[in-house]
Amino acid sequence: MVDIQTIRDDGYTVLKIQGEVDASSSIQLDEALAELIAAQPPAILVDCTGLQYISSAGLGVFMSYIEELDSKQIKMVLFGLSDKVRHVFDILGLDQLLQLVDSQEEAKALLT
Amino acid sequence: MSAKSIIRIALALAILAWLAMVATDMVVIFDLRNPVNMGIEPQVPNIFFVIYVLAVFVFYKYRIGAAQSDNFIDLLWKIFITGLLTTIVSLALTGVDVVLGGTHLISHPLVVDVLYLIRLGLLLAFAISTFVVWKRLILYQKSKLLLRGWMVFEYLLLATLLSIFVPFDFTRYLFFVVLPFAVVLSGNMKWVAFLSFKQKWKSLLLLVLTLLYLIYFYVNISEIRGTHPYLQVPGNMQFVLSLLVFTALYAVFSLLVILFNLPTSSVFEQKLEEVVNFQRLSQSVQTEQSESQIYNILLNSAVRATQADAAWIEVKINDKEKMFRHHIGSETIMNIKNYFKNSKGNDPFIFDHPERPVRHARSLRKLRGVPFASMVVFPLVMSGEQTGLIVLLKELREGFNRDLIDIAQTFVNQACISVEGFRLMAEALATERYKEELKIAQRVQRQLLPAALHGGPDFEIAAFSQAADEVGGDYYDTFQINEHQTALIIGDVSGKGTSAAFHMSQMRGIFHGLAQMNLPPEEFLLRANRAISSGLDKTSFITISYYVIDSAARQVTFARAGHCPTLYYNYETGKASYFTNKGLGLGMVRNKQYKNYIQSRTFSYKPGDILLLYTDGITEARNRQGEEFGYERLLKLVEKHAGLPAHDIRQQLIDALYEFCGHRELDDDYTVIIVKFK
Chain A
1 MVDIQTIRDD GYTVLKIQGE VDASSSIQLD EALAELIAAQ PPAILVDCTG
51 LQYISSAGLG VFMSYIEELD SKQIKMVLFG LSDKVRHVFD ILGLDQLLQL
101 VDSQEEAKAL LT
Chain B
1 MSAKSIIRIA LALAILAWLA MVATDMVVIF DLRNPVNMGI EPQVPNIFFV
51 IYVLAVFVFY KYRIGAAQSD NFIDLLWKIF ITGLLTTIVS LALTGVDVVL
101 GGTHLISHPL VVDVLYLIRL GLLLAFAIST FVVWKRLILY QKSKLLLRGW
151 MVFEYLLLAT LLSIFVPFDF TRYLFFVVLP FAVVLSGNMK WVAFLSFKQK
201 WKSLLLLVLT LLYLIYFYVN ISEIRGTHPY LQVPGNMQFV LSLLVFTALY
251 AVFSLLVILF NLPTSSVFEQ KLEEVVNFQR LSQSVQTEQS ESQIYNILLN
301 SAVRATQADA AWIEVKINDK EKMFRHHIGS ETIMNIKNYF KNSKGNDPFI
351 FDHPERPVRH ARSLRKLRGV PFASMVVFPL VMSGEQTGLI VLLKELREGF
401 NRDLIDIAQT FVNQACISVE GFRLMAEALA TERYKEELKI AQRVQRQLLP
451 AALHGGPDFE IAAFSQAADE VGGDYYDTFQ INEHQTALII GDVSGKGTSA
501 AFHMSQMRGI FHGLAQMNLP PEEFLLRANR AISSGLDKTS FITISYYVID
551 SAARQVTFAR AGHCPTLYYN YETGKASYFT NKGLGLGMVR NKQYKNYIQS
601 RTFSYKPGDI LLLYTDGITE ARNRQGEEFG YERLLKLVEK HAGLPAHDIR
651 QQLIDALYEF CGHRELDDDY TVIIVKFK
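First to last, the sequence lines map onto chains A and B. So in the numbering used here, spot 25 of the first sequence is number 25, and the numbers just go up one at a time. So in the numbering used here, spot 145 of the second sequence is number 145, and the numbers just go up one at a time.
The set of hints was computed from the structure by calculation and includes no laboratory data. Check the hints yourself; a few may be wrong.
Part of the chain A face toward chain B, derived, beta carbon under 10 angstroms [stated by the list, open to error]:
no.	residue
1	Gly11
2	Glu35
3	Ala57
4	Val88
Heads up, the beta-carbon is just placed ideally off N, CA and C, and yes, glycines get one too.
This is chain A alone, in the form it adopts within the complex (with noise of 0.2 angstroms):
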């Protein structure tokens, strides 16, 4: 059960995902992040603070893009993640491959 909704604003691109990530509802996250791409923003804000799960699945999804966005030279940065998903990020060693930060005004800092 989630919820994706992308934010076009000047400049960057923010993906709004509310709701839990696992297995089947990550292919919605995976879809949503493959256009997101497509389109070529120069930066992608994820915006984590409605997500309150994320299996391996999800995470797998996020891995899976680090290559594309690095040789596309897209920036994207996750904030607002709870104190729980932040771990499950932390612990797979997520936290350092993406840019995690807490709100989204760190989050467009890091952008300029």
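Given the coordinates of chain A, work out where chain B should sit on it, guided by the hints.
Just chain B now, kept in the frame of chain A:
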């Protein structure tokens, strides 16, 4: 007695009765013309006449009446053959008459009598066979009332037949009772409706011939009786007349009904065909037909039902556009579609509200180069989604009236239901196959986990692993590197089903291959990452923790590849804590950079210390309120039961976990390994 023997006996009886009738009648005639009295009453030939009639009736009743087939043409054909044979014989007799005409022999009363009785016998046989067939036709789809009426009619005929033995003459009046029955019963013509157009023509021909035979016989016999008055006996002419009137009446009625039915028969036939086609559509799901076959049936049925000149179906099957065409080329289809695309107004091939199936009818009159003048388009709607369309075309202007469109719509709806059913069935089959696959994967996976773990000289080890209903991706194993070194691994493969089991088996191979090389844990992870990355799809990864326990140095060195942090219990302080060395899942960075993301760690152990390895199924297990078991609860549990042997700690953990969840079924796989140092 079997029907066959009854037929034989009846035939023999009829022949004997006829012979006896001839013999006795000759005697009677001889008596009449000569003063000698042979002592035979004139009634005696009549008795044989009655026996003959009854025997012939039984014969045909069993021969024709018992046949089960409802093939009306067959029945009519049988009468026709009987009529033909009897007529040929009768004509042959006439031929003999003509050739030998005027000779003394042929005009002798006894010879005349024999020839007359042959003709009478033939006429009766033919009339009775016709009677039996008419009975079947009249009683086709009978009602109770009709059956009763028929019984009365048969008894009346029998009464007429037997009336010759009654001294007073009321047969004349009986005829007037029989006649209305014959007329009313002749009104039953249900069988005509079931004849096809062609069959109706055949029936007409056969009925006309039957009528001609009847007339010929009657005229023939009346003529002979007229010229030879001594032939009054035997025979019950009232009965013969009743029989002939009835058979002729029904033949005439049938003839007229068929004649009047001819123009409408094509409509009836069409309706019948619609029903049959409809049935085929409904049944196509049950038999193993492909979706394409259902569309082909729909195309043919719709074309025939609406008498369209051409048609096509466009539909998506497994996300591929497919086209089924009937008497129309792709070029013409393109022409028509382009015409509407470029013209003003709504495109009939686009349905704005596919959830509501609304058909589009259009005129093609203004479209040059295409032989069609009218068109109707139906959307194919399955599970509330439009998956295609069917287009019917006619050369006539306004060729599709409301009735035809409604019929076609019914076919379209039924076809959609059939396809939907077909797809559901295919899906169910696929699910079944998937379940089988899972079972195999489960079996493979169980075999991948070790039956027993290697304890060491100074530690004991206990493990427990449970997969959720699907195939799990948890893996653990031990390997004795040398006398004092033991390798220990715990891992979790992302993804589920066969691919997870497959990656797990790869991981096992890598573990057993690399462990014996006695590599430092960091190096182990680096090599394992390189080995496993090429085989993983881009969203999959594996988390592991790799430990080397050195009993000589009483030290553990380990590295973590994104796996849950290890819990360590210190006996001296009585406190447990999680190691926080950094790590990254295998397959997440698929190059040499990987080594920058991991960190190995070494610690010394003392007796009573505990190492707890687990997978996220434990910490993420939820209770009914949605609360997670969590790290803190696990830590406290270990602290609480640290004094117990490894096996008992394991049991305490499992019990606590189940108690927390409130049930024994967990949503995820979970594994726990306890190493307790001595």
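Hints versus structure:
A least Cβ separation of about 28 angstroms between Gly11(A) and chain B goes past the 10 angstroms threshold, and the interface hint is therefore violated. Because the smallest distance between the Cβ of Glu35(A) and any Cβ of chain B comes to about 16 angstroms, over 10 angstroms, the interface hint for this residue is violated. With a least beta-carbon distance of about 6 angstroms to chain B, the hint placing Ala57(A) at the interface is held under the 10 angstroms criterion. The restraint placing Val88(A) at the interface with chain B holds, with a minimum CB-CB distance near 8 angstroms, inside the 10 angstroms limit.
Checked against the numbered hints above, the structure breaks hints 1 and 2 and satisfies the rest.
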